[in-house]
Amino acid sequence: MLGKSQTVFLMGNEAVAKAAIAAGAKIMFGYPITPTSEILEKWIEFSPQNHTLYLQTEDEMAAGFGVIGACLAGTKSFTATAGPGNVLMQDAFSMAEALRIPSVGIIMQRGGLSTSTVIYSQEEVTLTCFGGNGEGLRVVYSTSGLQDLYDYTLKAFATAWKYRFPTFVLGDGYQGKMKGEVEIYKPQNLIDSQPILLADKKYAAGDKKSLAYYYPYINQLTHRPLTNISLGDSVNLRNCLNLEEDIFEIIESYKRDFQKVTPEIVEYEEMETKNAETIIFAHGIVAAAARVAVERLRENGVKVGLFRPITLRPFPTQQIRRVIKNTKRLIVTESALGQFGGMIKEALYGQTDIPIATYYRPALGITPEMLVDKVMEIEK
Amino acid sequence: MGNKFQNFPKSWKTKSKPHLFCPGCGHPIVLKMLGQAIDEMEIAKKTVFLIDIGCSLLAWDFFNLDTSQTHHGRTIPVAVGFKMARPDSLVIAYVGDGGGYAIGLQHTLSVALRNNPITTILVNNTNYGMTGGQMAPTTLLEEKTSTTPLGRQIDIHGQTIKGPEILAGVVADSAYVARGSVRQPLVLKNYLKRALQTQLEKQTFSFVEALSFCPTNWKTAAKETLEQIEKLEEQFVCKEF
Chain Z
1 MLGKSQTVFL MGNEAVAKAA IAAGAKIMFG YPITPTSEIL EKWIEFSPQN
51 HTLYLQTEDE MAAGFGVIGA CLAGTKSFTA TAGPGNVLMQ DAFSMAEALR
101 IPSVGIIMQR GGLSTSTVIY SQEEVTLTCF GGNGEGLRVV YSTSGLQDLY
151 DYTLKAFATA WKYRFPTFVL GDGYQGKMKG EVEIYKPQNL IDSQPILLAD
201 KKYAAGDKKS LAYYYPYINQ LTHRPLTNIS LGDSVNLRNC LNLEEDIFEI
251 IESYKRDFQK VTPEIVEYEE METKNAETII FAHGIVAAAA RVAVERLREN
301 GVKVGLFRPI TLRPFPTQQI RRVIKNTKRL IVTESALGQF GGMIKEALYG
351 QTDIPIATYY RPALGITPEM LVDKVMEIEK
Chain F
1 MGNKFQNFPK SWKTKSKPHL FCPGCGHPIV LKMLGQAIDE MEIAKKTVFL
51 IDIGCSLLAW DFFNLDTSQT HHGRTIPVAV GFKMARPDSL VIAYVGDGGG
101 YAIGLQHTLS VALRNNPITT ILVNNTNYGM TGGQMAPTTL LEEKTSTTPL
151 GRQIDIHGQT IKGPEILAGV VADSAYVARG SVRQPLVLKN YLKRALQTQL
201 EKQTFSFVEA LSFCPTNWKT AAKETLEQIE KLEEQFVCKE F
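Heads up: the protein sequence lines correspond to chains Z and F, in order.
First residue of the first sequence? That's 1 in the numbering used here, and the numbers climb one at a time after it.
First residue of the second sequence? That's 1 in the numbering used here, and the numbers climb one at a time after it.
Everything hinted at is true.
DSS-like cross-link-like pairs, simulated, lysine-lysine; straight-line CA separation at most 27 Å:
1. Z/Lys-208 <-> F/Lys-46
2. F/Lys-13 <-> F/Lys-193
3. Z/Lys-345 <-> Z/Lys-325
4. Z/Lys-303 <-> Z/Lys-380
5. Z/Lys-208 <-> F/Lys-15
6. F/Lys-45 <-> F/Lys-202
7. Z/Lys-202 <-> F/Lys-32
8. Z/Lys-209 <-> F/Lys-15
9. F/Lys-13 <-> F/Lys-45
10. F/Lys-45 <-> Z/Lys-209
11. F/Lys-13 <-> Z/Lys-202
Listing some non-contacts, in silico: residues in chain F with all C-beta distances to chain Z over 12 Å:
12. Lys-32
13. Glu-142
14. His-157
15. Ser-174
16. Leu-200
If you anchor each label on the Cβ, the simulated ranges turn out as follows:
17. F/Lys-10 <-> Z/Gly-338: 56 to 62 Å
18. F/Lys-223 <-> Z/Ile-191: 55 to 61 Å
19. F/Thr-147 <-> Z/Lys-202: 42 to 48 Å
None of these hints come from the bench; they were simulated from the model.
On a predicted model such as this, the values are computed, not experimentally measured, just so you know.
We treat Cβ as the ideally placed atom computed from N, Cα and C, and that holds for glycine.
Just chain Z, same shape as in the assembly:
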């Protein structure tokens, strides 16, 4: 997959900007907010040499909807935000979800207490996975370090444009502001971006090419266009529907698409799970600490393993159900009060009698030492 690569010393936010360029993004819309601002700054700095465009918008809503406008026109574009900005931007992401508009949002989580702080948090999990008045038919990659930020930003564009679901990279202030070595590279194949409006090829009923091009708006069971689109010599889109039955049909159709591609999208990381008696569930930056904890515990003969969902949407439910077989203890940890824990528990409901220990530290960092202590505590 990799083209020619080089290793460079970068800040996490700069790695995101470089990955977006490598992914073929042409416009960034952004409203500055700590801890993401360097993404916009670096994108602007790199713009002249890459012939890319940018707009510092009047607010996060304009940034999100600017992305929608550009993506409707067939140009890969993205935005980055955090905390209260993520709240405002859900307005646009809801529309992207409702109309299957491919788009990418980079989220560097802030603490969850309203405006809160800017460093370490996993409290925007629910918001990013299920924000807005929709059903969470979106893809969310939870990154666990600098290299992840580059890799998954690159991948987010490919996923969004291939599957036509809005896609997010979920990091935090720690990752965004951290500096270190990152291997950067160009993907060998870029997913093409086509305009949804002003498309050269308009829809002709029954024509196979049209069906493939407008597939997100076609009910794959009935092969008829959904009621949120009027296809013909022009393309008309709406997200305000007349009938509840119409909305039901659209959501069912999107759900089928989402379920169908879930096995292709879902990603997770397993460490030492094969003979593990205790499994730690962690994601994002906390999983980085959990990796170290597992190493140390294994050195001392404790049979512990780590399962880290990389995609929080879609969630690796089947893999989680598999990994708990033959284990004795389960522990879920996060820098939040159970947003991720709830997803794990839902995946495991009715699957096991083993109690699930929790180690929730909303807004606080979680160190390997803390996890070692916690595992030893439940081992007793």
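Place chain F on chain Z using the hints.
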């Protein structure tokens, strides 16, 4: 089809007619003038029509033009994004007085300040029609609405907004700002054409407020509706700014 639609603009989508606006609504007059302007300028193929929430959403399949309905107040940033991606297109943001002057006022002002090459058409009927006739930023003092049952009071509800007058004070010389009225549709059409020409030829910002009527929520019969809009024109001056 043939003669049945001979008076319709060519850019109208006959399949979606009769339209969904209330009988006597001003929107179809604005849309007819816009359709004629697009026909006469022969720009249908490059036009993208973006519409807000509120009564304007009823136009989602009104034209045989590429169209998307957006969210309340957010049509203007979608238009900006589209235009940045496709500078060769002609992008219209069609919004109401709530979308443009209340929930999306920051976008209305920001595109004017930035001289973004889009055309905003804002329909001012002095109330929120779709939601049942509540006060709008454009509601006149003393005007009764469902949320100002005793009439709009300056000390409670504040002053009426005059959009073009505000924008005229901040736009670049190359921009175009006008207010027309559905009572004089051909004048309105000329303003719309000049606005679209501004975007096409100068690649700068243009804004047309269309003063319109809303007999359903004004609770007026035809005669009173016309009298009311004539009165409105005394306060909302129709001209190029």
